[in-house]
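Student: Build the full structure now, drawing on both the sequences and the hints.
Chains as they are written, first to last, in the numbering used here: chain F, 1 to 589; chain Z, 590 to 669.
Keep in mind the hints are simulated off the structure, nothing from the lab.
Bear in mind the structure is a predicted one, so any value in this text is a computation, not a measurement.
Any given hint could be a false lead.
Covered, in the sense of this in silico footprint (three residues per stretch, anywhere, with C-beta under 8 Å from a C-beta of chain F), are these stretches of chain Z [what the hints assert, rightly or not]:
{"#": "1", "stretch": "623–636"}
{"#": "2", "stretch": "654–668"}
Restricting the straight-line Cα-Cα distance to at most 30 Å, the calculated cross-link-like pairs of lysine-lysine (DSS-like) are [as the list claims (entries may be wrong)]:
{"#": "3", "chain 1": "Z", "residue 1": "K667", "chain 2": "F", "residue 2": "K195"}
{"#": "4", "chain 1": "F", "residue 1": "K45", "chain 2": "Z", "residue 2": "K640"}
{"#": "5", "chain 1": "F", "residue 1": "K200", "chain 2": "Z", "residue 2": "K640"}
{"#": "6", "chain 1": "F", "residue 1": "K14", "chain 2": "Z", "residue 2": "K669"}
{"#": "7", "chain 1": "F", "residue 1": "K15", "chain 2": "Z", "residue 2": "K643"}
{"#": "8", "chain 1": "F", "residue 1": "K45", "chain 2": "Z", "residue 2": "K643"}
{"#": "9", "chain 1": "Z", "residue 1": "K669", "chain 2": "F", "residue 2": "K455"}
{"#": "10", "chain 1": "F", "residue 1": "K369", "chain 2": "F", "residue 2": "K281"}
Cβ atoms here follow ideal geometry from the backbone N, Cα and C, with glycine treated the same way.
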Amino acid sequence: MFQYQFDSSFILRKKKSIKKQLLLKDSFIEKNIAILGGSTTSEIKNILELFLLDNGIKPNFYESEYNKYYEDALFGNDDLDKFNPDIVYIHTTNQNIIKYPELKDSEEEITILLENEIKRYKSIWSSLSKFDCAIIQNNFDYTLDRSLGNLDCYDIHGKTYFINQLNSKFSKQAREIKNLYINDINYLSSYIGLKNWFDKSLWHQAKYALSLDSIPELVFNISKIINAIFGKTKKCLVLDLDNTCWGGVIGDDGLDGIHIGTETAIAESYTTFQKYAKELKQRGITLAVCSKNDFKNAKEGFEHPESILKFDDFTSFKANWDPKHQNIIDIAKEINIGLDSLVFIDDNPVERDIVSSQIPSVSVPNVGKDVIHFIEHIDRNGYFEPISLLADDINRNQYYEDNKKRAKEESTFKSYDEFLVSLEMTAEIKSFSSIYLDRITQLTNKTNQFNLTTKRYTAGEIENIASSDSHIKIYGKLTDKYGDNGLIAITIGTIKENQCHIDLWLMSCRVLKRDMEFAMLDELVRQCKEKGVSEIIGYYYKSAKNNMVSDLYEKFGFLLSDKTDENTIWKLDISNYDNKNKFIGVSND
Amino acid sequence: MTREEVFNGVQDIFRDIFDEDDMVIENTTSSDEVEDWDSLNHINLVSAIEKEFKIKFALGELMTLKDVGAMVDLMMEKLK
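Tutor: Have a look at this one:
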């Protein structure tokens, strides 16, 4: 109901009963979201709630009084302070631009107007930084009317020109300010069409700066950013082959018979789809194949000279005659990600039905059978919405490929220890430094399996911890003879007198069974001793996904000190601690 | 479309917007009697009616109407 293409009118009309339905689900994460509006926001709040509930996020809202976004942000108030938002959404639009250029204004005067406008937002963002929260900020939509006609977009007095300048300044700010995310309503309003986006009558009657029908589109866009902030984006695109990656059936038509390339309109449309998948791959999304085919035929399809995607682009390749949901479960295991990180594209409605009914946590958009529409279902649903492009994401596929080589080697050694020695592993395990803070924040928000407390941090919180004396905060990077695994482990502890309480212990599943956790523990103990700590307290909070680490502290030699339901608390006296890591050469602070 | 059909359509919209499946409105029902019928819900009602019946109200046309009956009468005019 909340996927592309949802029915805006239906959602608006039935919102109350939809909400009741959504609340029947369990296991929500609760988040505090403050909406600071420059126009009416009540329906935005109501509908945003539905989209977030659908994504497993239960929002508590703070809503500013009408058009009090500036006052609330700058001067604060007790309610907002007490509310302590995880996210602030600033809903401003072109209606909130204080002063447009007048025709008599000189270029200098217009520059000043622009600076004044930007300054206002800069002061909003900087005063909100006290909350250490993510800030989602609208950029500006164009005005519906433009008295200068086409000139409006290139004369310095034009409103369109002014808005373009503002938007490019917003973009620059968002690149520089951590925690600031742009909700691109300039794109969204063009996508919907400005005349549908803005409703003059509704503006005058109720001061909504967008039409009611556009509200679900707006909050859909916001919810994609929120999903990305909380690490709910997908990681892997699973593709069917025949009539999905190419036109025709490779087993029947042969390599010469399938449609791919630029010869015909049909062939070209499959090429366009392959190009899109390749773009996703290049920025770190993993590709996999799940197809009912003979393996040999399936592989051959990517040897077509015009094929954009090659066999090597796929981290997992399942072409056989087993049911697709079983193959998809295998793909997730092979890549070591959760089923809810997968998106499956297939032109065949029967296959889509089987997969979505057997494994509901896999996203299976209803793409229809025409390849022309496949991209929009991936794109509009924001499955792979990134909040930044990190080198680690772009390199991720390399790790998986290196991992395949590692797995191959593993089988040729007599013992696992011997294999670990052969990897020639070195690690850098040090206290947080500024260049890694983005990556650290990202990992805290998306690591689910090897994560003892599943505590999520905002960029601001991580920054504070990085400079705090009462915290131990270490990251680990691991390299082996096959390549660099990047930053993959984080431990954060709070020091209280002679105890260190471990708030966060996580590791990327990319480096499971490499003894990296022991190297991290050694460094933690070393730093604890330096700070006069004699006892480490570890916490395990059970989640739906972190069962694999329920006995981690036990393996470390901690003693169980308390147990409530399935959550456990552990203690380790470090006075006689012996280093546990034997296989990794470590450089530390 | 008869007045009764229009009236029933409007009642369905009221039931959806206020999420009360057995809500019964009368010609004399006004915003004073329905607790949640505030200015913001009024906008939602009007918008749903416009879509359902494919009509448009002019700015302010609905502000002066005193009850549901008057609203349905205005709709009948537009649906002619």
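Student: Please go over all the hints and tell whether each is borne out by the structure.
Tutor: Okay, the hints, checked on the actual structure:
no., hint, in the structure
1, 623–636, "holds (count 5)"
2, 654–668, "violated (count 0)"
3, Z:K667 / F:K195, "holds, 23 Å"
4, F:K45 / Z:K640, "holds, 22 Å"
5, F:K200 / Z:K640, "holds, 17 Å"
6, F:K14 / Z:K669, "holds, 28 Å"
7, F:K15 / Z:K643, "holds, 21 Å"
8, F:K45 / Z:K643, "holds, 27 Å"
9, Z:K669 / F:K455, "violated, 62 Å"
10, F:K369 / F:K281, "holds, 23 Å"
Violation of the numbered hints given earlier is confined to hints 2, 9; the remaining hints are satisfied by the structure.
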